[in-house]
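**Q** Just so you know, the sequences run in chain order E and V. Each residue of the first sequence is one higher than the one before, starting from 38 at the first, in my numbering. Each residue of the second sequence is one higher than the one before, starting from 38 at the first, in my numbering.
No wet-lab data here; the hints were simulated from the structure. Keep in mind the model is a prediction, meaning the values are calculated, not measured. Any given hint might turn out to be false.
What the simulated footprint calls covered on chain V by chain E, stretch by stretch (three residues with Cβ under 8 Å from a Cβ of chain E suffice, anywhere in the stretch; the number is not a length) [what the hints assert, rightly or not]:
(1) 55-62
(2) 90-101
(3) 107-121
Among the chain E residues that face chain V by a calculated CB cut under 7 Å, a handful are [to be verified]:
(4) Phe47
(5) Pro49
(6) His53
(7) Val65
(8) Ala78
(9) Pro85
(10) Leu87
(11) Ala101
(12) Pro113
(13) Leu121
(14) Gly125
(15) Pro146
Ideal Cβ placement from N, Cα and C applies to all residues, glycine included.
Protein chains: 2
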Amino acid sequence: MHDWPADEQFCPRYHHAVELIGKRWTGVVLRALLSGHQRYADIRRAVPGLSDTMLSERLRELEAENIVVRHVLAGPPTRVEYRLTDKGQALNRAVAAIAEWAEEWVPAP
Amino acid sequence: MHDWPADEQFCPRYHHAVELIGKRWTGVVLRALLSGHQRYADIRRAVPGLSDTMLSERLRELEAENIVVRHVLAGPPTRVEYRLTDKGQALNRAVAAIAEWAEEWVPAP
């Protein structure tokens, strides 16, 4: 159990991280990537309700954050893959902790 | 290390949880609460840049999610405290994991 000191200072890095992970659709895209999905079409299939526009935008943002790297594989057909960087893989623990909390505390919809 | 099966199904409870925690300002308010801040004024002071309107709204949302309980203490002066429920306390691990990732991977602003 992490112990928070009561006088802990505000941390802008944490602030950035939590809102990056929790941005609309980003959390579920990250979980799909951590589950091993790399191909654009597979990620899309893993997240029902997510539009192409939104998925592309989120992947671009994750690329800008150096969380995924985009690879274009020569075809035909040309394939686009998104691979987690070390920084992206390191999100595994945070995503797992949120998932475990959700399983215990969030009622099924 | 949590191992994600490649065929893991989409989880609406995780989806709800990650976007709840990552909603604008919610993550930092949660961290302030987990650090032991309970009084409205203390929470506000712990989060620079957060307006009264936004803090009230976020606390109401956390109350609706049964993550905090609002207590009004008889005065004078009347004091309002927000105490984490068991569900709220259980977020400690997820918040700590995000903070640790941020410390390691997010550059200082």
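**Q** Which numbered hints does this structure break?
**A** 2, 3, 8, 10, 11, 12, 13, 14
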